[in-house]
Amino acid sequence: MEYTRKFTEKLSVEQVKIELLNTAYGNGNTFFASLDPRTLFIWYAYFGIFPWFIHDVKVLIGMFVFMLITTYMAKISPLIIVILCLGLLGQGGYLLIFSLFFGGNWSVMLPLLVLTVKLSVISLASITVFCSMNPEKLSNGLLKIGLPGQVSFSIAYGYRMLPTLLEEYHHVFQSFRLRGKAPAKHGFLYIKSIAYFVKLAMLSFYPLLLSTAKRARTTVEALETKGSMYGFNHPEVKKLKLAGLKMKKRDYYFLTGSFLYVICLFILL
Amino acid sequence: MKPIIEIKNVTYQYPGADKPVLNNVTLTIEKGEFTAILGGNGSGKSTLCKLINGLIPHYYVGDFSGEVIVNGMNTAEHKVAELSRHTGYVYQDFENQIVSPKVLEDAEFAPLHYGLADYRERALHALELVGLLEQQDNFIWQLSGGQKHLLALASILSLNPEIIIIDEPVAQLDPQHAKEIYEILKKLNDVHGKTIIVIEHHTEFVASYAKNVILMNKGDVHFKKPVKEALNEVKTLLAHQIYPPQVTQAAADMEMSSNLPITIDEALPLFQGMRELEEKKVINRHTGDKPLVVFEDVTFSYKTITKEKNRVLHDLNLTIYEGDYIALVGNNGAGKSSLMRLITGLVKQESGHIEVNGNNARKTAPEHLAEIVTYIHQNPEQMFIDDSVKKDVGFYMKARKDPMAEEKVAELLNQFELVELADRDSRLLSGGQQRRASLAIGVGMQPKIMLLDEPTANLDIATRKHITRILVDLKQQLQAVVIATHDMQLACEFANRIIVMHEGNIIHDGTKESVFENYTLLEKAGLTPPQIFELSRSLGWENPVYTVEAFVELYRRKAVSDGVYA
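These protein sequences, in sequence, are chains A and B.
Note that the first sequence covers residues 1 to 269 in our numbering.
Note that the second sequence covers residues 270 to 835 in our numbering.
The hints are simulated quantities; they were obtained by calculation from the structure and are not laboratory data.
Please note that a few of the clues may not be correct.
[Claimed, not checked] Distance condition first, Cα-Cα at most 20 angstroms in a straight line; then the derived SDA-like pairs of lysine to any residue:
no., chain 1, residue 1, chain 2, residue 2
1, B, K667, A, I155
2, B, K660, A, Y157
3, B, K493, B, S477
4, A, K192, B, K670
5, B, K493, B, T295
6, B, K417, A, E168
7, B, K660, B, R631
8, B, K670, A, Y196
9, B, K487, B, D459
10, B, K660, A, V16
11, A, K214, B, G701
12, B, K578, A, S211
13, B, K717, B, K734
14, A, K17, B, S477
15, A, K17, A, P135
16, B, K617, B, T505
17, A, K238, B, S413
18, B, K717, A, R177
19, A, K137, A, L210
20, B, K371, A, G187
21, B, K371, A, Y157
22, B, K667, A, P135
23, B, K448, B, S413
24, B, K632, A, K214
25, B, K504, B, I730
26, B, K417, A, P163
27, B, K667, A, K246
28, A, K137, A, A45
29, A, K17, A, G103
30, B, K572, A, Y196
31, A, K144, A, I155
32, A, K239, B, E640
33, B, K667, A, A182
34, A, K199, A, K214
35, B, K660, B, N629
36, B, K660, A, K246
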């Protein structure tokens with residue numbers, strides 16, 4: 001009981017909010033954060049897709065090591081890493097159990113490991129790239145490669161609203177807790193309590209939707225008065241906005257370095 | 270000189286409404302005016318302001334007739350985007366107006382999207398004007414409520430508009446921040462020649478800062494007059510449920526002839542001869558001896574975004590007894606909400622001990638404490654979890670399968686004057702109605718202790734008085750009440766114990782007398798006592814009064830006893 005209490009205190013909504021914001025905005029001074037978003041897009045276009053088509057275990061492991069290094073350099077929040085590991089283990093684990101159940105044997109381990117390594121490379125590449133770009137940078141990058149202003153703005157704005165929404169959700173959830181009645185007994189393996197909280201977690205979304213709809217009205221009006229429509233429709237605004245984006249030497253070095261590393265993997269291994 | 274805003278015979282009806290919200294309104298505002306718009310809820314104040322930046326008729330469809338000319342442009346012929354460069358609008362729910370995650374980015378947003386190459390300089394200049402320059406690299410989550418309001422203002426100032434409209438600047442701010450924003454508006458008006466329009470319920474601010482007053486009534490401009498004349502129309506204002514400054518009310522009650530004072534400075538010479546009665550009131554803080562809530566050396570911190578711990582409460586000691594009706598006062602960020610939330614068990618202290626009706630708050634689940642303590646949120650919407658007022662009020666009883674639930678709900682709806690609203694969605698009610706619904710929900714939980722966070726914030730003065738009356742009546746049903754508030758009139762009328770907090774410490778624990786007579790304390794905690802109190806103190810009274818009624822009463826008795834002031 002003591003441990004669960006300590007654990008739940010650590011895992012408060014406040015904490016999740018802080019982690020989330022740090023993941024989104026907190027990595028401003030890493031090497032990756034100083035790269036141009038286009039560099040990161042190109043880099044990701046390779047490491048996010050090509051591992052699917054590579055079957056050489058050694059090359060995959062080589063890439064995996066590279067990804068470990070980049071993830072370390074990008075100073076990813078531990079929470080994200082934990083979630084990622086849980087996801088990968090869960091994925092591999094359930095496939096293993098399934099195959100054993102349907103008459104497979106331990107020889108499925110190897111192909112499953114290969115799959116897991118592939119998935120890891122792709123996932124690590126994703127978090128390296130997306131955690132290194134704050135939403136503003138991401139949206140500017142997308143604008144630069146030709147997406148409409150509305151789309152790129154929505155991304156940046158979505159992040160701006162995230163903490164507010166989370167907080168509001170938390171309030172509603174707390175109201176449910178305070179006014180409802182928790183089950184008197186926890187039940188076998190806390191089943192009753194867990195079921196109760198899951199139910200509350202779902203119910204809490206409805207009031208949230210309604211109040212968000214109300215807020216949105218002011219925001220939409222404010223956007224109008226702040227000239228966002230004007231900005232989306234005038235190319236010179238886009239130019240002004242993206243004037244800060246430039247491919248620098250380090251971008252080219254990084255891309256060349258990554259390219260050479262991959263070539264070496266193929267040739268040497 | 271040509272007026273900067275001309276509104277000619279405008280009638281407007283929202284789609285779906287059964288009568289127009291603006292009814293043949295004609296109005297002119299000159300360049301460089303500082304105008305306050307007064308009027309009850311639903312009198313069309315906000316709608317009038319939305320005419321000026323073209324949101325009506327471009328954004329709101331509806332029946333629009335008449336003509337609005339702003340800075341020489343007919344609003345019907347120009348786009349909102351164009352008009353917005355001349356008119357900046359700060360909303361009442363200004364938080365939703367901030368669209369970027371960082372301070373500087375938000376200030377830049379408008380000039381950047383209008384394609385102005387000097388957007389950075391404009392933003393920095395605007396931030397400097399409102400005093401947020403040091404915060405430019407911060408996230409908006411790191412700002413206090415007052416700073417967010419200033420940012421919303423800076424974000425429109427970056428376009429350098431000639432007209433600035435602010436919807437109820439004081440509603441969400443403590444008195445000190447409210448004064449700060451008015452000082453900035455005054456500077457923008459005096460030095461930069463901006464035309465300022467505020468929607469404001471607090472006539473004391475209107476008296477000190479505005480030059481002209483527009484009184485709205487049911488979609489019509491009742492009058493537009495210079496501030497002094499306007500606030501002298503005490504009867505008219507009261508008939509529209511607007512309360513003139515306390516000094517003006519007092520002077521009117523004493524039937525002083527024309528030319529009533531509207532500020533303390535004006536009032537002082539008028540009342541100069543008046544002396545207080547000799548009788549010394551007995552200051553008696555009567556509370557029971559049964560402790561309900563005990564705080565022992567409690568500290569509380571929360572983690573900030575930068576992962577630093579921010580200590581909100583420092584080694585706090587406090588005992589709340591049965592029969593305590595406490596007003597918890599102090600600036601935003603003094604730790605009032607944290608203290609109350611600790612009592613609910615929703616957050617846990619870092620160190621120290623909290624006991625609530627014999628339960629260790631750290632070890633007791635909030636669900637269990639909820640049967641003893643009820644917390645009423647500052648924003649009532651956070652308490653609405655069902656789709657009608659009736660269901661929301663009955664939620665707690667239904668969850669406990671109370672066989673008497675139906676009757677109890679009916680009784681509560683009656684007590685809080687919600688019978689006609691029973692089937693409406695609580696989120697769509699007006700501010701005062703929402704507040705009553707949240708109180709009904711709270712009382713429905715049959716608590717021993719009730720905690721209220723700013724129960725009168727965001728309400729117009731008439732509604733505020735109504736809620737205050739309801740709260741005073743509530744005392745009988747509860748063993749103890751704690752109200753965190755900036756509303757000193759509420760504190761004076763309601764509380765028998767006032768606790769002053771400052772930077773996470775309790776710096777005073779006493780009565781209204783001991784609080785308001787302590788000048789250094791008021792200064793330190795940023796409290797503004799009721800205006801009539803300030804007046805009686807400025808007159809040099811040893812026992813100043815707290816209400817207009819008491820002041821007038823004193824005057825009458827004095828007049829009877831020596832016949833000088835009749």
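- Message: Tell me the numbers of any earlier hints that the structure contravenes, in ascending order.
- Response: 1, 2, 7, 9, 10, 12, 13, 14, 16, 17, 19, 20, 22, 24, 27, 29, 30, 32, 34, 35, 36
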